[in-house]
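Going down the list, the sequences are from chains A and B.
Numbered according to the numbering used here, the first sequence spans residues 57 to 450.
Numbered according to the numbering used here, the second sequence spans residues 57 to 450.
Hints are computed from structural coordinates only; laboratory data are not their basis.
Errors might be hidden in some of the hints.
As the list makes no split between identical chains, a pair holds if one copy fits it or if it spans any two.
With a Cα cut of at most 27 Å, we get these calculated BS3-like pairs of lysine-lysine [stated by the list, open to error]:
#, residue 1, residue 2
1, Lys181, Lys430
2, Lys76, Lys361
3, Lys160, Lys430
4, Lys181, Lys361
5, Lys237, Lys361
6, Lys361, Lys312
7, Lys430, Lys138
8, Lys312, Lys237
9, Lys138, Lys160
10, Lys160, Lys237
11, Lys361, Lys138
12, Lys361, Lys430
Predicted model only: the values in this text are computed from it and were never measured.
There are 2 protein chains.
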Amino acid sequence: MNETFSFHLTHTDGGARKGKLSTAHGVVDTPAFMPVGTRGSVRAMTPRDLRDVGAQVVLANTYHLFLRPGDERIARLGGLHKFMAWSGPLLTDSGGFQVFSLGKRLSVDIDDEGVSFRSHLDGSKHRLTPDDAIDIQVRLGADIAMMFDECTAFPVSSDEARVSMERTLRWARRSRERFLKWQAAPASLPGMMTTPTQAQFGIIQGGVFPSLREFSARETVAMDFDGYAIGGLSVGEPSGVMSSVVSRTAMLLPVKQPRYLMGVGMPDELVDAVASGVDLFDCVLPTRNARNGQLFTRFGPISIKAAVHADDDAPPEPGCTCYTCQHFSRAYLRHLHLSNEISAATLNTIHNLHFYLDTMRRMREAIAFGSFDKFRLAFQRTYARRSRQEFQGD
Amino acid sequence: MNETFSFHLTHTDGGARKGKLSTAHGVVDTPAFMPVGTRGSVRAMTPRDLRDVGAQVVLANTYHLFLRPGDERIARLGGLHKFMAWSGPLLTDSGGFQVFSLGKRLSVDIDDEGVSFRSHLDGSKHRLTPDDAIDIQVRLGADIAMMFDECTAFPVSSDEARVSMERTLRWARRSRERFLKWQAAPASLPGMMTTPTQAQFGIIQGGVFPSLREFSARETVAMDFDGYAIGGLSVGEPSGVMSSVVSRTAMLLPVKQPRYLMGVGMPDELVDAVASGVDLFDCVLPTRNARNGQLFTRFGPISIKAAVHADDDAPPEPGCTCYTCQHFSRAYLRHLHLSNEISAATLNTIHNLHFYLDTMRRMREAIAFGSFDKFRLAFQRTYARRSRQEFQGD
Chain A
57 MNETFSFHLT
67 HTDGGARKGK
77 LSTAHGVVDT
87 PAFMPVGTRG
97 SVRAMTPRDL
107 RDVGAQVVLA
117 NTYHLFLRPG
127 DERIARLGGL
137 HKFMAWSGPL
147 LTDSGGFQVF
157 SLGKRLSVDI
167 DDEGVSFRSH
177 LDGSKHRLTP
187 DDAIDIQVRL
197 GADIAMMFDE
207 CTAFPVSSDE
217 ARVSMERTLR
227 WARRSRERFL
237 KWQAAPASLP
247 GMMTTPTQAQ
257 FGIIQGGVFP
267 SLREFSARET
277 VAMDFDGYAI
287 GGLSVGEPSG
297 VMSSVVSRTA
307 MLLPVKQPRY
317 LMGVGMPDEL
327 VDAVASGVDL
337 FDCVLPTRNA
347 RNGQLFTRFG
357 PISIKAAVHA
367 DDDAPPEPGC
377 TCYTCQHFSR
387 AYLRHLHLSN
397 EISAATLNTI
407 HNLHFYLDTM
417 RRMREAIAFG
427 SFDKFRLAFQ
437 RTYARRSRQE
447 FQGD
Chain B
57 MNETFSFHLT
67 HTDGGARKGK
77 LSTAHGVVDT
87 PAFMPVGTRG
97 SVRAMTPRDL
107 RDVGAQVVLA
117 NTYHLFLRPG
127 DERIARLGGL
137 HKFMAWSGPL
147 LTDSGGFQVF
157 SLGKRLSVDI
167 DDEGVSFRSH
177 LDGSKHRLTP
187 DDAIDIQVRL
197 GADIAMMFDE
207 CTAFPVSSDE
217 ARVSMERTLR
227 WARRSRERFL
237 KWQAAPASLP
247 GMMTTPTQAQ
257 FGIIQGGVFP
267 SLREFSARET
277 VAMDFDGYAI
287 GGLSVGEPSG
297 VMSSVVSRTA
307 MLLPVKQPRY
317 LMGVGMPDEL
327 VDAVASGVDL
337 FDCVLPTRNA
347 RNGQLFTRFG
357 PISIKAAVHA
367 DDDAPPEPGC
377 TCYTCQHFSR
387 AYLRHLHLSN
397 EISAATLNTI
407 HNLHFYLDTM
417 RRMREAIAFG
427 SFDKFRLAFQ
437 RTYARRSRQE
447 FQGD
């Protein structure tokens, strides 16, 4: 359907997969991690910094861009790629998760046709339907658009999860139809200025209930999306529960299409999910935690503000090849963080994103060499061990 | 005295001078502008961003680094160059100006021997004497250290200005003696871990009173510093008054040594001061105003948050070759600024510093070609004209 979008697996190793996702804006080596550019900017990073740490694809939030500066404005200015000066592959989420996660604050009211809420910026009333979410994403013009879904909280009863999952399936049909309509005739969408080539992913819901996940997967896959996301996880459930839902759900998805685990997660969770056959991830952890002074290392996270680093001239992670580790000591980064320097956020984010992207790179290598299980074992062992030590130190 | 420090004039054009300042950490082409790295970081910029915009020398604040993380700690960690990963030339101010400018907030108490004040961080009591200010700067190890001076406010009576200027002269003698003592035997300074090669500049005071400036210049020059700064300006006096004090004072300084106008200023003030023979400048304006959304252009400053830029896909300054102007529109930068994105501060700072450093480069070229007066006239005319238009537009 979309000639510019394709996905090819090049290696498998147990459940883990290595592949290439091709889009009109370039290729993404999978498994891949997508830094989150909430408002069309990965917070403390410029696009050239993102390239420098090895980012190949970026996620932007439909909800935030819809409210400000507005999807019609971005379309007038030539689309999201041009607006944010990110020439590589780009994915927009559906806006649904943001609305649900901001919850009470937005006075969210969900009905079968969509979601009503108040803007977190000025309290103004807004409504998002599946059609609206698609129209907005087509105007933004990212390479991958997501269907509009309802994200179930944790814990919920199986009845609540079923009702929500079934609504998501109805929204999936609306989302898919609307998307295909604009792909066939993009110029007929009011406010469109360009002709983006986009793919669209479906989202599997169903909470922690295997039969609901199974139903959701079967029905969504039948709608023939370009890829499939596992949604509704990392919302408070124990890590083991998430891991088990991911591995069961991934098995229900078409082998030849990309699988995206939304909003996950901690480094060891990424490794587990890759073992289950997941190809794409996004999460605010490396960027948000960087701004709060938490640095990820292969030995576990460290808190840069800890007094133990005051005179430490070692880099955040000895052996790391990122710009931050090659030039700056823990003592300096601690000083910048305590001084509320803007450069602290930038330097910490460079390291954390480099760590996440380098971990993905190492997983891809291990899969190609057929040594993913060995990598996984070594990673989990090293990561956990130092983590405990370091937390004592802090 | 310091074999690694030298200054050579290569061209003069009327009063304007072009030259090369050589230090142990590299060469600075003058006239030069020094970005301000208050706490050992130029705020929203990494050292590689600074290199990229053409910065050759950076200023750091002795007062801030003394309080946090402490000069002895920085010395233990290998000195300020290594600490902040700036391998190029570095200048530290005396700490005096910060104390005076923070004034009441610090409960400043000045006597003939030095200054007592409370830390702006935690209210703790501190005292800085000329000897202390030199010891701290030797431990920091910048290529250029400043003598400790008292900065007179504006307006003051000529009697007050005289008393203050005479105290500064006594402090100059103390500063010079102390500095030369450590240069002869750096290892004897407690806390020293390295042997920095530093130059020291004297500071001319005397407010807006020609006879006081003359006296201050004659006495300070007699102490044989490696260069001379004009202090106590840009503290509230009218621009014309400053301009006249600068040109009179510059004429009193040795032709063959570098002249540094402290804390100045707006782009057109820099051009005027270069015409009067000034070689070095520092100012927080390009970096601070960038964070507040003010962008300098050759047509005058613009406020990026103005509604007029909401749909403007032009760069901040058409024709500018900086990373920001090459990639981002006013509409995007406005969006980032209104969204309080950290990257807004970085991208705005890149442009403003590029503008300042490029203006210095264009002045150096004009001096080399003997066309500085022509440049100055064209600059002032263009800069002022658009400035008025734009402020109406905003």
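Here is how each hint holds up against the structure:
In this assembly of identical chains, Lys181 and Lys430 lie within 27 Å of each other by CA distance neither inside one copy nor across copies; the values are 52 Å within and 57 Å between. Taking the shortest Cα distances, Lys76 and Lys361 never come within 27 Å of each other, neither inside one copy (39 Å) nor across copies (41 Å). In this assembly of identical chains, the alpha carbons of Lys160 and Lys430 never lie at most 27 Å apart, being 45 Å within a copy and 63 Å across copies at closest. For a Cα distance limit of 27 Å, the shortest separation of Lys181 from Lys361 across copies, 24 Å, qualifies, whereas the shortest one inside one copy, 41 Å, does not.
In this assembly of identical chains, Lys237 and Lys361 lie within 27 Å of each other by CA distance neither inside one copy nor across copies; the values are 52 Å within and 37 Å between. Proximity of Lys361 and Lys312 under a CA criterion of 27 Å is satisfied in neither setting, with 45 Å inside one chain copy and 47 Å between copies. Proximity of Lys430 and Lys138 under a CA criterion of 27 Å is satisfied in neither setting, with 42 Å inside one chain copy and 39 Å between copies. Taking CA atoms no more than 27 Å apart as the test, Lys312 paired with Lys237 passes inside one copy only; the shortest distance there is 25 Å, against 75 Å between copies.
Within a single copy, Lys138 and Lys160 get their C-alpha atoms no closer than 34 Å, and across copies no closer than 49 Å, so neither meets the 27 Å cut-off. Neither within a single protomer nor between protomers do Lys160 and Lys237 lie at most 27 Å apart by alpha-carbon distance, with minima of 34 Å and 67 Å respectively. In this assembly of identical chains, the alpha carbons of Lys361 and Lys138 lie at most 27 Å apart only when taken from different copies (20 Å versus 37 Å within one copy). For a Cα distance limit of 27 Å, the shortest separation of Lys361 from Lys430 qualifies neither inside one copy, at 34 Å, nor across copies, at 53 Å.
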